[in-house]
Amino acid sequence: MRDVLEQTDEQLVAAARQGDDGAFEQIVRRYEPVVAATVIGMLGQCAEAEDVGQETFMRLHKGLGRFRGEASLKTYITRIAINLSLNELKRRKRRRSILVRKPVEEFHNLEARGESAEGRDTREMVRQGIDQLDDKFRPVIVLRLIDGYSTDETAKILEIPVGTVLSRLARAQDKLKAILISEERG
Amino acid sequence: MREAVSASGATGFGYMFTERVMKRIKAERTRSSGAEKEIAPTLFESLLKAFRPVAIAGVAAALALMVYNIVDSRDLSFSAALGVPEATLEEALGSPLSSALEELS
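First to last, the protein sequences are chains A and B.
The first sequence begins at 1 in the working numbering and counts up one residue at a time.
The second sequence begins at 1001 in the working numbering and counts up one residue at a time.
Bound conformation, chain A alone (with noise of 0.2 Å):
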């Protein structure tokens, strides 16, 4: 357990491919957190999001023979997880229902995170002000600001360019400000 624990990215690929279950057990164990933070950014707290979150290694799983290592799996993974979180918000727009949220707990363990009710508050306004953003500024806020990736990376994963990454990062900034500002005074 101890040598898969160990094990780099490449390692636990080629060992995946090669049929070994815990090596990809461990890969979906060191990215649950990549694509947890991705898909409930782009998706919310809700329902889908465990879905997709699945389906992510599940594609990744079934499309392990075509990947090639000319981007980090990290960054594969994480498109993965994009291109499914933007169909499923398509797939919301068609279907215009209520989604069914479930409760906040269920996703982020926030008392072993030990969060005070105040950051919880400032959390899920933040939360809610990311879901109103529009589909095209919603994955650049997400990957820069909440995965952390940088600015190359962000346009590689979401194959735009630098400059369409920058403009619509500073665009959503203040689509969200504005969002946040206008729902602290209401």
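Any given hint could be a false lead.
[What the hints assert, rightly or not] Under the rule of at most 16 Å between Cα atoms (straight-line distance), these lysine to aspartate or glutamate pairs were calculated in the EDC-like manner:
| hint | chain 1 | residue 1 | chain 2 | residue 2 |
| --- | --- | --- | --- | --- |
| 1 | B | Lys-1026 | A | Glu-153 |
| 2 | B | Lys-1026 | A | Asp-20 |
| 3 | A | Lys-74 | A | Glu-153 |
| 4 | B | Lys-1023 | A | Asp-21 |
| 5 | B | Lys-1023 | A | Glu-153 |
| 6 | A | Lys-62 | B | Glu-1028 |
If you are wondering where the hints come from, they were derived from the structure by calculation, not from laboratory data.
Put chain B on the given structure of chain A with help from the hints.
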């Protein structure tokens, strides 16, 4: 605001997420191996389906030819239907034998 946004990120999907993913992968694998086992009967069934219209058309054509033969020969016998001429062995072998016998006698 950047700090607040970055702090708003989720850290996981919840308890036993990895186990749920692995369970799905194993279930998918079982399903696909089951599908492979079903390939043989599926192939046979599809061949049967493809052959059926050809067989029906063939039988229809044979029946049509038999009817034509019966009408043409004005004979209701089975050999007429098949278009087989009624001939003795001698006739079948041809006249050279009979002519040779005649010559000998």
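Hint by hint, here is what the structure shows:
1. Only pairs whose Cα atoms come within 16 Å are accepted, and Lys-1026 of chain B paired with Glu-153 of chain A is rejected, the gap being roughly 33 Å.
2. The straight-line distance between the Cα atoms of Lys-1026 of chain B and Asp-20 of chain A is roughly 12 Å, inside the 16 Å bound, and the hint therefore holds.
3. A threshold of 16 Å between alpha carbons decides the hint, and for Lys-74 of chain A with Glu-153 of chain A the separation of about 11 Å falls inside it, so the pair holds.
4. Straight-line distance between C-alpha atoms of Lys-1023 of chain B and Asp-21 of chain A comes to about 11 Å, which keeps the hinted pair within the 16 Å bound.
5. Taking the CA atoms of Lys-1023 of chain B and Glu-153 of chain A, the gap is about 32 Å. The hint is violated against a cut of 16 Å.
6. With a C-alpha separation of about 10 Å, the suggested pairing of Lys-62 of chain A with Glu-1028 of chain B holds against the 16 Å cut-off.
Violated hints, listed in ascending order, are 1, 5; each of the other numbered hints is respected by the structure.
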